[in-house]
Structures are given as C-alpha cells and as structure tokens.
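First to last, the sequence lines map onto chains R and Z. Taken in order, the first sequence gives residues 0 to 157; the numbers are from numbering that gives the first Met the number 0. Taken in order, the second sequence gives residues 0 to 267; the numbers are from numbering that gives the first Met the number 0.
A portion of the hints provided could be inaccurate.
Unchecked claim - Here are the in silico distance ranges between beta carbons for each label pair:
(1) Pro-198(Z) to Lys-58(R): 24 to 30 Å
(2) Gln-187(Z) to Ala-51(R): 48 to 54 Å
(3) Gly-61(R) to Glu-214(Z): 24 to 30 Å
(4) Asp-85(R) to Pro-243(Z): 27 to 33 Å
(5) Glu-64(R) to Tyr-199(Z): 23 to 29 Å
(6) Asp-85(R) to Met-0(Z): 38 to 44 Å
(7) Ala-24(Z) to Asp-85(R): 43 to 49 Å
It should be emphasised that the hints constitute simulated quantities derived from the structure, not laboratory data. Keep in mind it's a predicted model, so treat the numbers as computed, not measured. Note that CB positions come from ideal geometry on N, CA and C, so glycine has one too.
Chain by chain, the residues:
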Amino acid sequence: MPKSNKPGKQRAAGAKPAAQPSGSQHPEGRAELRKFFVRLASDLELFCRFVANPEAAAKQAGVTEEDRELLFSGDQGRIYAALRPDLVPQMVQPAAAANEQAASQAACPGATPAGCAAAPGASPWGVVPYGYYWLMYYPMPYAPPPVSGTAQGGKQIG
Amino acid sequence: MFDEQLVVIGTGIRTIGQLTMESIAWIKKADKVLYIVSDPIAEELIKTLNPKGAESLFHLYAENKPRIQTYNEMIEQTLEYVRAGKIVCLAAYGHPGVFAYPTHESVRQARKEGFRARMLPGISAEDCLFADLNIDPAMAGCQSFEATDFLVNGRTIDPSSHLILWQIGVLGDATFKRYTYDIKGMPQLLQKLYMYYHPYHNVVVYEAPLFPGVEPVMRSVSLCYLPYSGVSAVSTLYVPPGSPPRPDIGLIQSLGIPFQPPPPVKQG
Numbered sequence: 000m001p002k003s004n005k006p007g008k009q010r011a012a013g014a015k016p017a018a019q020p021s022g023s024q025h026p027e028g029r030a031e032l033r034k035f036f037v038r039l040a041s042d043l044e045l046f047c048r049f050v051a052n053p054e055a056a057a058k059q060a061g062v063t064e065e066d067r068e069l070l071f072s073g074d075q076g077r078i079y080a081a082l083r084p085d086l087v088p089q090m091v092q093p094a095a096a097a098n099e100q101a102a103s104q105a106a107c108p109g110a111t112p113a114g115c116a117a118a119p120g121a122s123p124w125g126v127v128p129y130g131y132y133w134l135m136y137y138p139m140p141y142a143p144p145p146v147s148g149t150a151q152g153g154k155q156i157g
Numbered sequence: 000m001f002d003e004q005l006v007v008i009g010t011g012i013r014t015i016g017q018l019t020m021e022s023i024a025w026i027k028k029a030d031k032v033l034y035i036v037s038d039p040i041a042e043e044l045i046k047t048l049n050p051k052g053a054e055s056l057f058h059l060y061a062e063n064k065p066r067i068q069t070y071n072e073m074i075e076q077t078l079e080y081v082r083a084g085k086i087v088c089l090a091a092y093g094h095p096g097v098f099a100y101p102t103h104e105s106v107r108q109a110r111k112e113g114f115r116a117r118m119l120p121g122i123s124a125e126d127c128l129f130a131d132l133n134i135d136p137a138m139a140g141c142q143s144f145e146a147t148d149f150l151v152n153g154r155t156i157d158p159s160s161h162l163i164l165w166q167i168g169v170l171g172d173a174t175f176k177r178y179t180y181d182i183k184g185m186p187q188l189l190q191k192l193y194m195y196y197h198p199y200h201n202v203v204v205y206e207a208p209l210f211p212g213v214e215p216v217m218r219s220v221s222l223c224y225l226p227y228s229g230v231s232a233v234s235t236l237y238v239p240p241g242s243p244p245r246p247d248i249g250l251i252q253s254l255g256i257p258f259q260p261p262p263p264v265k266q267g
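This is chain R alone, in the form it adopts within the complex (with noise of 0.2 Å):
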C-alpha cells in the first residue's frame, strides 16, 4: 500500500495549467516534437537509445533545446499543451479552472463523517475536469433477471 502522495509534476487539482510554450502558439503544435516521439514509438532501435541515455538520444535525433527542456519537464500538461494546442483549451484550461470550483465548495455532505454538515442546496461535490481520454465504456443497469437469470441473462434497460 503506497504511503506517498507522489503525483509527480503532473498538474495538481486546482492549480492553474502550465503556460503554454512558445510553440504551441502555432496550430500545429510542436512538430518536429511530435515526429520524434512518433520515431520513439515506432522505432526500437531508437527507443533503445532513448532508455540508455535520454539527453543524448534526444540530441542525436536532432530535438531542440527548448523541446528537450520540455521533454524533460516530466509535466504531462505542458507536454500535452505543446503537442496538441488545438484540444487545450477544451481539456486542460476548463479542467483546471472547475477544479478551483471544486476546491472552493468547502461545505461536506451528508455522506462523510460526522462533524461535517452539508450545505443546502449546494453541490459539494462539483464536477471533476475531463482528463485525457475519450472513455469507452459504458455501465449497463440490468433489470432482475426473469427467474434464474443471471446478469449476463438479464435484460438491458439502459
């Protein structure tokens, strides 16, 4: 069991997201970035590189300081910002801007322990930020099955 809150250098809950990088200001985002990690995703030769010595791969396939500096960063908002600054404003800035929402709704509902008191009316529980991925699932609620039925076997309502 982790004791440690180690989020890394990923954006906190409430925090403002990283400024964006000066490359990002082009639609395109970061290109010739992006066609370095494509190589490192693709090509294992240079993946290898990569893993024995990061700075010097890096170097080697011709990334620019300044993207070397923000792949280094180990900030996955600014990376993101950097690669696709067209999806930006809709995922990481709102996300950030309702999880100040959240933060700042201090009232606790009835659910958690006593000694909290909820507040009329209010949703402490907010909203959460999109994050980084479309989901693809679904839950399905199932009506009781007929008489043996199990969940697989029940029929789908939703």
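Keeping the supplied structure of chain R fixed, place chain Z upon it in accordance with the hints.
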C-alpha cells in the same frame, strides 16, 4: 495466419514503449485504421504509419450525447468498412478489451456476420496501476468494477481483497462531456464503501501517465476525503484490503497446506 479482416489493437496508455510490434504491423497493413485515442502521440503515429487509411472516430462524441449511442455508431462505422471488403484495424488506447465497449462489440458483430476478427492485447490502466502501486492481484485477490456499475447493479465486495473502481470521475453520468463531469453519484458511492471500510481507510486515486518521464498520479487520501482529492474523469480508485482474510482451517488441514496466520492488515 494474419488474414483477419478486422483486427482490434490497443496503443497502451503511454504509446511510447507500450505499443506492441504486432500492433504497429497491423496499423501499417490495414486499408483503414479507425482510432479512438486522445493521446496526441498515438494519433500522430497512426497518421504517419498509415496516412491514407487513418480516420478518427472522435467526431462521433458530442456534448451530452449518450455514450452508448456514440459507441454503437463506432461499431456500425467499423463494420461498414469490413463489409466493404477493407482490412480494418480498430485502434483504441490502453487495452482494447478492457473497459472498451465498441471494440468488443465490433469483434462480436464481425464474427457473427462471418468475418475473421481478432483482438490483440494491450497495456491497460490497470496494468499500469499494478506496476506503479506495486500490488499483485494474486496477493489477497482483486475485484475490479466500473464505479457506476458497482453502485447501480448491487455488486458486492470482499473487503479482504484489493478493490479497483474505474471511472469514478463520471459516476452516474452516461453521457459525454467535453469539459467536465458532475460526479453526482459520489455520496452514494461513499455510503456503499462505508459499509465495508472505515471512513479514514486510506485509498489511492490513480492516473497513469501518457508520456515518458512523467510520473503517475497517486494520491493517497482517506476515503471520506475522496471528493476533494482532485478526481478527474479518468481517475481510477484503488482500495487496499480493509480486513484480514478468513482462512478455512479445516480445509487447509485436509489439503495438507502448511498453515500460517494471515498477515495483519495495514490500516490507514
């Protein structure tokens, strides 16, 4: 061999290093590569490896549109190309068969219609979770549920085993949201978990990283503070065992297994 008309692949959570060679080969071979990936590297990779055949399915998502409708449209679009005689590769992030409805259904439907279809395994968020949180599902067993399903379908759990709840950030919401989800089912989820665990039982909010050099999100919080732990739409909740196992002494003796008392459960 390798004569499938539909192959479903996974690009992993972190495409760099997690995309298999076989998947790359199918991306190159296919006439059509339909993809459901939001990782910009995976998308760029697919477009680079198969510039003529790459086609995103993202446009099928829409604000407040029921996700099940989007998934059914994805299945139909996939099958349309298969029926047209194309070799189709359907690429999804993670493992294409883990928490992925359109991928499984596409394979089922294609086979039902007489086409050769196969799914290749990939690396799922759960695989990343096991590695990052350093837990083995064999130790104590592991139960894994989609959070809304866990809530609405009356699932029961054994608190002496590991518990993984997926999609806690979209609890009770069956639609797609471009910006944020309202986790309206969180109070009910906590009420249910309190039936098995102490409110101050430590849990971990987990998110696997997309890029090399980025650390995973692993927020360790008391269960009662879960709503304030920075959950996102793709957060996975890991709940460690909250009580010791209940060994059957008689059975242990009859099987001749050397008996050891169960290890104490580490609380909080």
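These are the hints, each one checked on the structure:
no., hint, result
1, Pro-198(Z) to Lys-58(R): 24 to 30 Å, "51 Å, violated"
2, Gln-187(Z) to Ala-51(R): 48 to 54 Å, "50 Å, holds"
3, Gly-61(R) to Glu-214(Z): 24 to 30 Å, "27 Å, holds"
4, Asp-85(R) to Pro-243(Z): 27 to 33 Å, "52 Å, violated"
5, Glu-64(R) to Tyr-199(Z): 23 to 29 Å, "48 Å, violated"
6, Asp-85(R) to Met-0(Z): 38 to 44 Å, "41 Å, holds"
7, Ala-24(Z) to Asp-85(R): 43 to 49 Å, "30 Å, violated"
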